[in-house]
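2 protein chains.
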Amino acid sequence: MAQKGALEGLKVLDLTRVLAGPYCCALLADMGADVIKIEQPGTGDDARFFNPFKNGESSYYMNMNRNKRGITLNLKKGQDVFLKMVKSADVVVENFRPGVMKKLGLDYEELKKVNPRIIYAAVSGFGQTGPYSQWPGYDLIAQAMSGIMSVTGEADGEPTRTGGPICDAVGGMTASVGILAALQYRNKTGVGQMLDISLLDSTVAIMATINQHYLVDGRIPQRRGNSYESGAPMESYKASDGEIVLAVGNDKMWNKLVDLMEMPKLLEMPEFETVHKRVQNRKPCKEYIEQWSKKWTVADLVKTLLDAGIPAAPIYNIAQVCNDPHIAGARNMFVEFDHPIAGKVKVTNSAIRMSETDACVKMPSPTLGQHNNEIYKDVFGFTEEEIAAFRNERVI
Amino acid sequence: MAQKGALEGLKVLDLTRVLAGPYCCALLADMGADVIKIEQPGTGDDARFFNPFKNGESSYYMNMNRNKRGITLNLKKGQDVFLKMVKSADVVVENFRPGVMKKLGLDYEELKKVNPRIIYAAVSGFGQTGPYSQWPGYDLIAQAMSGIMSVTGEADGEPTRTGGPICDAVGGMTASVGILAALQYRNKTGVGQMLDISLLDSTVAIMATINQHYLVDGRIPQRRGNSYESGAPMESYKASDGEIVLAVGNDKMWNKLVDLMEMPKLLEMPEFETVHKRVQNRKPCKEYIEQWSKKWTVADLVKTLLDAGIPAAPIYNIAQVCNDPHIAGARNMFVEFDHPIAGKVKVTNSAIRMSETDACVKMPSPTLGQHNNEIYKDVFGFTEEEIAAFRNERVI
Numbered sequence: 000m001a002q003k004g005a006l007e008g009l010k011v012l013d014l015t016r017v018l019a020g021p022y023c024c025a026l027l028a029d030m031g032a033d034v035i036k037i038e039q040p041g042t043g044d045d046a047r048f049f050n051p052f053k054n055g056e057s058s059y060y061m062n063m064n065r066n067k068r069g070i071t072l073n074l075k076k077g078q079d080v081f082l083k084m085v086k087s088a089d090v091v092v093e094n095f096r097p098g099v100m101k102k103l104g105l106d107y108e109e110l111k112k113v114n115p116r117i118i119y120a121a122v123s124g125f126g127q128t129g130p131y132s133q134w135p136g137y138d139l140i141a142q143a144m145s146g147i148m149s150v151t152g153e154a155d156g157e158p159t160r161t162g163g164p165i166c167d168a169v170g171g172m173t174a175s176v177g178i179l180a181a182l183q184y185r186n187k188t189g190v191g192q193m194l195d196i197s198l199l200d201s202t203v204a205i206m207a208t209i210n211q212h213y214l215v216d217g218r219i220p221q222r223r224g225n226s227y228e229s230g231a232p233m234e235s236y237k238a239s240d241g242e243i244v245l246a247v248g249n250d251k252m253w254n255k256l257v258d259l260m261e262m263p264k265l266l267e268m269p270e271f272e273t274v275h276k277r278v279q280n281r282k283p284c285k286e287y288i289e290q291w292s293k294k295w296t297v298a299d300l301v302k303t304l305l306d307a308g309i310p311a312a313p314i315y316n317i318a319q320v321c322n323d324p325h326i327a328g329a330r331n332m333f334v335e336f337d338h339p340i341a342g343k344v345k346v347t348n349s350a351i352r353m354s355e356t357d358a359c360v361k362m363p364s365p366t367l368g369q370h371n372n373e374i375y376k377d378v379f380g381f382t383e384e385e386i387a388a389f390r391n392e393r394v395i
Numbered sequence: 000m001a002q003k004g005a006l007e008g009l010k011v012l013d014l015t016r017v018l019a020g021p022y023c024c025a026l027l028a029d030m031g032a033d034v035i036k037i038e039q040p041g042t043g044d045d046a047r048f049f050n051p052f053k054n055g056e057s058s059y060y061m062n063m064n065r066n067k068r069g070i071t072l073n074l075k076k077g078q079d080v081f082l083k084m085v086k087s088a089d090v091v092v093e094n095f096r097p098g099v100m101k102k103l104g105l106d107y108e109e110l111k112k113v114n115p116r117i118i119y120a121a122v123s124g125f126g127q128t129g130p131y132s133q134w135p136g137y138d139l140i141a142q143a144m145s146g147i148m149s150v151t152g153e154a155d156g157e158p159t160r161t162g163g164p165i166c167d168a169v170g171g172m173t174a175s176v177g178i179l180a181a182l183q184y185r186n187k188t189g190v191g192q193m194l195d196i197s198l199l200d201s202t203v204a205i206m207a208t209i210n211q212h213y214l215v216d217g218r219i220p221q222r223r224g225n226s227y228e229s230g231a232p233m234e235s236y237k238a239s240d241g242e243i244v245l246a247v248g249n250d251k252m253w254n255k256l257v258d259l260m261e262m263p264k265l266l267e268m269p270e271f272e273t274v275h276k277r278v279q280n281r282k283p284c285k286e287y288i289e290q291w292s293k294k295w296t297v298a299d300l301v302k303t304l305l306d307a308g309i310p311a312a313p314i315y316n317i318a319q320v321c322n323d324p325h326i327a328g329a330r331n332m333f334v335e336f337d338h339p340i341a342g343k344v345k346v347t348n349s350a351i352r353m354s355e356t357d358a359c360v361k362m363p364s365p366t367l368g369q370h371n372n373e374i375y376k377d378v379f380g381f382t383e384e385e386i387a388a389f390r391n392e393r394v395i
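Protein chains in written order, with numbering that gives the first Met the number 0: chain A, 0 to 395; chain B, 0 to 395.
Calculated from the structure, these hints are not laboratory results. Where hints are given, some of them may not hold.
If chains are identical, the list can't say which one is meant, so a pair holds when it fits in one copy or spans any two.
Claimed, not checked - DSSO-like cross-link-like pairs, simulated, lysine-lysine; straight-line CA separation at most 30 Å: (1) 3 with 101; (2) 187 with 112; (3) 285 with 187; (4) 86 with 3; (5) 10 with 376; (6) 75 with 251; (7) 282 with 293; (8) 187 with 86; (9) 251 with 76; (10) 285 with 10; (11) 112 with 76; (12) 187 with 10.
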């Protein structure tokens with residue numbers, strides 16, 4: 000396995016808090032970028048107070064800030080310090096509410112005066128422009144306004160939140176894609192630029208194949224539980240010790256499934272004759288399948304279905320994910336690091352696997368201001384006297 | 000607005016079908032990469048048969064393949080043709096089941112013989128390695144096995160699928176991040192590489208803040224509807240004409256909300272005294288809030304809450320998303336192009352906004368083989384005689 004990262008030498012100033020921005024910078028750090036997390040002296044990132052904790056250290060923070068070094072800086076007092084760092088940095092990422100950086104005198108227009116090559120990514124709930132730009136942006140709010148809640152849940156139930164922070168994650172990933180593309184442009188032209196990334200835009204973008212039903216047909220997609228409009232049976236089914244999903248994509252697979260179930264009468268029933276009819280009659284279809292599936296364990300059922308060529312999978316809980324021989328084993332999706340206070344902690348790894356360069360968690364997240372000395376002195380050339388003065392004046 | 004794209008000059012050969020791979024390449028194409036979509040002669044991408052249709056053309060396909068040019072090539076007959084294209088390409092993206100490209104003699108080992116600078120991204124359900132690598136990979140299957148279904152839905156309900164193709168989208172975005180990082184590495188070293196991206200890994204990665212509850216505390220996170228463990232009231236509530244979400248993050252906001260509701264008795268009730276108690280008693284808390292919220296329209300309720308400093312938002316259906324003055328207006332998230340067969344079609348735009356370069360939908364998706372002549376002849380230097388022979392032999 001290679002030991003170097005694809006982004007080695009890329010210097011990123013990470014002003015972000017909580018999830019979307021930190022995740023963007025973690026993706027870059029996993030691939031070797033030198034990400035310097037800059038936090039408010041005394042308190043730091045809000046995520047330092049999010050559970051669960053180990054020896055008082057937040058694992059939430061540890062996950063999102065692995066592979067980064069950390070310094071403190073009060074941006075209301077330390078503008079000159081920040082501008083000096085920007086001179087030799089490649090990327091700045093922030094997720095303040097639009098306008099905050101301008102009030103601090105640190106918006107893109109100011110930063111590019113000292114470094115026209117700087118790539119500045121602003122991550123926000125609603126973007127830097129438009130009537131809602133000042134609304135507070137949280138994952139829950141982007142889930143609500145992107146329409147994704149409106150199509151998640153039972154047909155007769157309520158709009159349902161997805162149980163993971165998908166809008167934060169997708170917003171952070173969108174920012175990473177934009178930053179790396181801007182870097183490619185800068186390599187060719189020498190010119191930096193500003194990126195304006197919103198959680199809401201990013202989530203609307205990944206809903207393209209849902210949005211189109213309204214944009215093309217004028218039909219408003221509705222909630223339909225775990226079932227699909229395009230095929231059936233294709234949803235979740237109970238086994239004796241858990242639940243599975245299966246996806247019967249065509250009549251040939253339907254015949255195979257009926258064979259497995261040993262219920263030949265289903266092939267005679269007009270209500271299951273075509274994909275379209277099986278979609279319309281999915282509830283009775285599910286009842287027949289569960290008469291059969293409930294007699295099997297998840298493991299036997301999935302194996303039997305896969306062997307017959309029918310796509311199927313167990314529905315895992317989080318413990319099963321974390322202990323699975325493929326996910327945790329072969330794919331190495333959970334890795335342990337040794338944190339200076341928390342000790343050994345397992346976090347979720349990068350999903351990027353590269354043949355020539357590393358993309359993985361190697362270094363624990365920083366304690367608050369852990370790297371103040373080495374970064375202010377060795378990376379940015381401040382003197383020990385200056386650093387001592389910053390401390391006295393609570394600039395850092 | 001700038002007219003050039005950040006990735007102009009980047010030549011991408013896109014062998015992918017359906018969603019994850021095509022979305023990866025669409026992100027690159029939106030930023031100006033020259034993405035050449037390569038499809039099976041006669042049939043093309045499966046997504047060409049996915050509804051909804053306009054004049055018989057799939058809008059699903061149009062969304063995922065905007066800004067690309069299209070050619071046909073039978074990979075079982077046209078290996079030499081493909082290898083000639085690889086010589087001058089920068090990136091190859093494929094989402095076949097692991098092993099298919101090797102059987103065709105077109106795996107990364109073969110491609111790098113003709114072009115050691117090539118960046119080769121393989122996108123699959125489970126990755127190129129590990130015990131499940133040959134399992135069929137669909138969005139539904141990654142939703143089931145990543146644990147995200149297990150934490151989505153009502154506490155007393157079933158594991159619930161998210162209503163958008165989140166695993167496909169996150170897998171595609173992960174591939175884009177990896178490709179652009181590999182490009183940066185190649186700029187410095189001249190060396191290409193292979194990326195192995197799986198839908199399942201990518202989804203497990205964005206679940207980090209959920210996984211940690213098991214990894215650190217040994218607790219298995221459960222479904223809890225739209226509510227959170229960390230704060231309350233913080234979920235969905237009914238208004239007279241729809242639903243909203245609100246997020247009360249601390250006691251100060253709770254006091255403000257109680258003021259707005261004119262229910263001072265709530266401040267006297269021990270069951271709502273602290274955040275922790277409000278989380279434990281969220282159901283009665285929700286009942287009190289809905290006694291009040293149901294009297295308001297969504298618009299008035301959201302405005303009143305935001306004015307009081309309480310994060311809130313409407314829960315939009317897809318029609319509301321597509322017509323919203325911020326999303327569709329100021330942020331320009333839906334754009335129209337003129338397709339040679341379908342005519343004017345609206346698709347969902349890129350979410351990346353850059354100050355110096357364009358990232359947006361400009362060109363419609365190709366009809367099957369639409370650019371065979373211009374690409375085989377002008378881009379890759381095949382003669383007209385060769386192209387005529389390819390046609391006769393059904394290579395293209």
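Right, here's what the structure says about each hint:
1. For a Cα distance limit of 30 Å, the shortest separation of residue 3 from residue 101 across copies, 27 Å, qualifies, whereas the shortest one inside one copy, 37 Å, does not.
2. In this assembly of identical chains, residue 187 and residue 112 lie within 30 Å of each other by CA distance both inside one copy and across copies; the values are 20 Å within and 27 Å between.
3. Proximity of residue 285 to residue 187 under the C-alpha cut-off of 30 Å is found in neither arrangement, the shortest distances being 57 Å within a copy and 56 Å between copies.
4. Both within a single protomer and between protomers do residue 86 and residue 3 lie at most 30 Å apart by alpha-carbon distance, with minima of 25 Å and 26 Å respectively.
5. For a Cα distance limit of 30 Å, the shortest separation of residue 10 from residue 376 inside one copy, 15 Å, qualifies, whereas the shortest one across copies, 42 Å, does not.
6. For the homomeric pair residue 75 and residue 251, the shortest alpha-carbon distance between copies (25 Å) is at most 30 Å, but the shortest distance inside one copy (67 Å) is not.
7. With identical chains, the CA atoms of residue 282 and residue 293 are at most 30 Å apart within one copy only, with a shortest distance of 16 Å there and 33 Å across copies.
8. In this homomeric assembly, residue 187 and residue 86 come within 30 Å of each other (Cα to Cα) both inside a single copy, at 20 Å, and across copies, at 22 Å.
9. For the homomeric pair residue 251 and residue 76, the shortest alpha-carbon distance between copies (28 Å) is at most 30 Å, but the shortest distance inside one copy (69 Å) is not.
10. For the identical chains of this complex, residue 285 and residue 10 are neighbours neither inside a copy (54 Å) nor across copies (47 Å), given an alpha-carbon limit of 30 Å.
11. Taking the shortest Cα distances, residue 112 and residue 76 sit within 30 Å of each other inside one copy (20 Å), while across copies they are farther apart (56 Å).
12. Within a single copy, residue 187 and residue 10 get their C-alpha atoms as close as 18 Å, and across copies as close as 15 Å, so both meet the 30 Å cut-off.
Hint violations for this structure: numbers 3 and 10, all remaining hints satisfied.
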